[in-house]
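Just need the whole structure built from these sequences, with the hints factored in.
Okay, here's what each chain looks like letter by letter:
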Amino acid sequence: MKKLLARTSASLVALAAASAFSAPPKEAVTDGVVKIGVLTDMSGVYSALGGKGTQVAVEMAIKDFGGSVLGKPIQVVGADHQNKADIASAKAREWFDTEKVDMITGLLNTGCALAVQKLGGDKKRVVMVTGAASTDLTNSACTPYSVHYVYDTYALGKVTGQAVVQGGGKNWFFITADYAFGQSLEANTTKFVVKGGGKAVGSVRHPLSTADFSSYLLQAQNSGAQIIGLANAGADTINAIKQAREFGIGQKGQKLVGLLIFDTDIKALGLNVAQGMQFTSGFYWDRDNGTREFSKRFFAIHKAMPTMDQAGAYSATMNYLKAIKAAGTDDPDAVMAKLKSMNIADFFAVNGKIRADGRMVHDMYLMEVKKPAESKGEWDLLKIVKTVPGDEAYQPLSESTCPLVKK
Amino acid sequence: MNRLAWILLLAAGLAAPFAVYPVFMMKLLCFALFALAFNLLLGYTGLLSFGHAAFFGGAAYVTGHLVKHAGLTPELGILSGTLFAAALGWVVGSLAIRRQGIYFAMVTLALAQIVYFLALKLPFTGGEDGLQGIPRGFLFGVIDLQRHYAVAGKSLGLNLYYFVFALFCLGFWIVHRTIHSPFGQVLKAIRENEARALSLGYRVERFKLIAFVISSALAGMAGATKSIVFQLASLTDVSWHTSGEVVLMTLLGGVGTVLGPVAGAFTVVTLQSELSFVGPWITVIIGGIFVVCVLVFRRGFVGELGRILKRAL
Amino acid sequence: MSFQAVMSQVMLGLNNGVFYAMLSLGLAVIFGLLNIVNFVHGALYMLGAYVALLGFTRLGPLVGLPDYQMNFWVALVAAPLVVGALGMAIERTMLRRIRKFDHLYGLLLTFGLALILQGVFTNYFNVSGDPYEGKPEIFNGAVNLGFMFFPKYRIFAILASLAVCFATWFVIERTKLGSYLRAGTENPELVKAFGVNVPLMITLTYGFGVGLAALAGVLAAPIYSVSPVMGSEMIITVFAVVVIGGMGSIMGSIVTGLLLGMVEGFTKVVYAPASSTVIFLIMVIVLLVKPAGLFGKEA
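Chains as they are written, first to last, in this note's numbering: chain A, 1 to 407; chain B, 408 to 720; chain C, 721 to 1019.
No lab work stands behind these hints, which were simulated from the structure alone.
This structure is a prediction, so every number in the text was calculated from the model and none was measured.
Any given hint might turn out to be false.
To be verified - Covered, in the sense of this in silico footprint (three residues per stretch, anywhere, with C-beta under 8 angstroms from a C-beta of chain C), are these stretches of chain A:
1) 39-45
2) 200-211
3) 216-230
4) 393-405
Note that CB positions come from ideal geometry on N, CA and C, so glycine has one too.
As structure tokens, then:
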């Protein structure tokens, strides 16, 4: 038995030594294909605002780019991360190890994004986050291969928080999704509420994907705060706003403020319920001719106007491909160097720039939901109250704790 | 089983990473060990625990935390996770064996749910995000488990694989020894007829509890190993779906057979991975297998095979 | 901790509690006669809610009447019938076949069925849930209870559930039909000798038990979003309720369900993070002090 074991292992080692490859000639495009993985929430609480639409956007970008780069085909694979970090991480690992995926985009959940971004850092693959919001992604968790593309909790908290405090909403109570995203959004918003002379009187945490918000809403009501800040997103925000109306909350004195709202949420709530609400967005389909042109094409395929996550995924993919073309290779280091030096200018971002910490800085918008009378069409939902230049909206590079930032 | 068969299995285990994606292979081994541990309880003691994920996942969190934040080497991390699972198993077991049959199952399920909520709420677990970025580290402080070797154009993490395979063999050996010891015989006597075992003078509760602790410790070892492989401990590991999955693996392979849980775990994990393209239908398929197993296939396929070959496998 | 805060959370707790009560009642009835822990109970509760939802949104177009929307009151009757019929089919074709084996197989079989149902619905519906818009208009608005505004519909759901629970208790404990049932639990052979069709009685009982789950699902639909996972989240808690109550008596499961819902609500005021664990902690304590449960008989 022992002998046999020794023999087996010896032959295995020999096999390993014999077949170890001697460095192959360097190709411009490794594996002869550029493969983009769309890993996002396809079935859960955030699927309406990302999901299959994000994959549609990425496919559109590939088609618009011409379907190939440096003479090699561009492919796309999609998967549902189910808002579970373990599933996201296992899928991304499999994609990187066995499916030759070069870049992953989407990632609608901060927990998932953190896991995949870390893995991308370890395995030297590009990760362009368009969904998740936490500022951790460009601070302690940043990697040389990560880009945070569309928005983050700093910009959301700052723009909305300041606007509400200036409007007189000084006392805040938060209803917060109990994971990295919600906590980060609550912390960042609190910072700007306090800076503006307001204060946070309390908060309550709810699990992701909560069906019944009544007990949290009643805690918020009993706190006596003027503003109930919803540090959550997607179906959670919709549920909270709807149930607040059932219990007569948010009608007398108290006001609900959604800190992360997408067009699809407003659509689900209806203008009657949502009218007058203000929030921050990185994109609105009806902003100018460029956004309208893209959005109408997107609508033709997906039957809904693009959210900022979906439009962002298009832009991220497009610019990633442009960077490969400009660099003449899909080598991640070269591509990242290109991405960080080029200007991001398309319908999505007017003056975009990817910083050393991976933050894509671009203009943000303070939006307001139209009154039913103002709306001229099914998707005519919002108006832009104010455009906030990227450098004002986002965390200054000097404050980033990302080790890649040279100080 | 004869010696040749064992040697063939061992050789297959050693050669596997060259043929199959090693991370997938390691996942198989972790779940196989988990199912083996579970079967020690269901198959050889007749106790259906519906909360074994608590030990699997609980150990994953403890190991992950100690390796990540206290800088423990992976083998010490896994040892700590295993000990934690054993201690937890002692607590859960002491409470659960006060009830029998279906109640026992429900009590373990409910207690596992407390562990789930702790994993959600305790500060070190990362809540819904899970405990991420667990380093694989250096085995005994010297062997780099992250190291990949280039073999036939593929990059294989062989160090980690053989470490996991060794742990699996250790777990398998412990289960095998336990079953075939006098202690194991008493467990079987309890399974067959608890009242008779009691009247023969065996302290039944004590035997049950010891079996429970061994089983939970090994389940913990499986979970701890998985956290090193995937560098992540998450709520899925402690959720009751995982508890249900291990029941299915054991049932499908063959309750009360030595190789059944391994075969069952391999089948279920492979199905999940190969059929991942069907999306949520996978739950339907798994549920369907469950139903078919219970209705017509209660011996599991290793059990059926054993019946045909007329020997215990 | 103001009076207002405590009372409003306890009211919401009671609201959850009536659903615990209805589900654990169904489990108790089924367990009593079939000796099966009906793991699929949560999935059938979910199915009940979907019957209401789909009846409202999809049934009309499906049968060629695009304007037909199944009324809430119709759903209250239809869902228990549909789910009850499905339950009876399950009992006839599957549960009956494994009766002679260990009871644990019943638990495993129904667990598999739960996975199937949940999987099918996850495939077609978003796990974050769809709102049920068919709430009758008379329930719009809220009532001022002094300490809070409480939506009219929730008051109706509480009262309706309580009525169903006590009616069930009355039938089983105080009528002749109920006495057959109880006798069938104790000694099926003897009841058979009296000329009662025991297998039929078992089938009907199972149908009735899961019908209660479906009814709870319809009542819950306008309150919580209807989602494929609504049952699997509920069932574990209900199991704990059942262990605490002890399955000894029908009344036991009702009272335990209501009480634990309110305890949960109260915990939300005292220490919110513990509210999801408090039932399980109570279960541990009950097991230590009274292993057979609060209302259970010592075996």
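Inset, instruction - Take the stretch 393-405 of chain A, compare each residue's beta carbon with every beta carbon of chain C, and decide whether three or more fall closer than 8 angstroms. - result: violated (count 0)
Inset, instruction - Between the stretch 216-230 of chain A and chain C, see if three or more residues pass the 8 angstroms beta-carbon test, and mark the coverage as holds or violated. - result: holds (count 3)
Legend entry - Coverage criterion applied to the stretch 39-45 of chain A (partner chain C; beta-carbon cut 8 angstroms; 3 residues): Three-residue rule met by the stretch 39-45 of chain A, so holds; n is 3.
Inset, instruction - Given that the stretch 200-211 of chain A was listed as covered by chain C, double-check it with a C-beta distance under 8 angstroms for 3 or more residues. - result: Answer holds; 4 residues pass the 8 angstroms Cβ test.
Of the hints listed earlier, the one the structure fails to meet is number 4.
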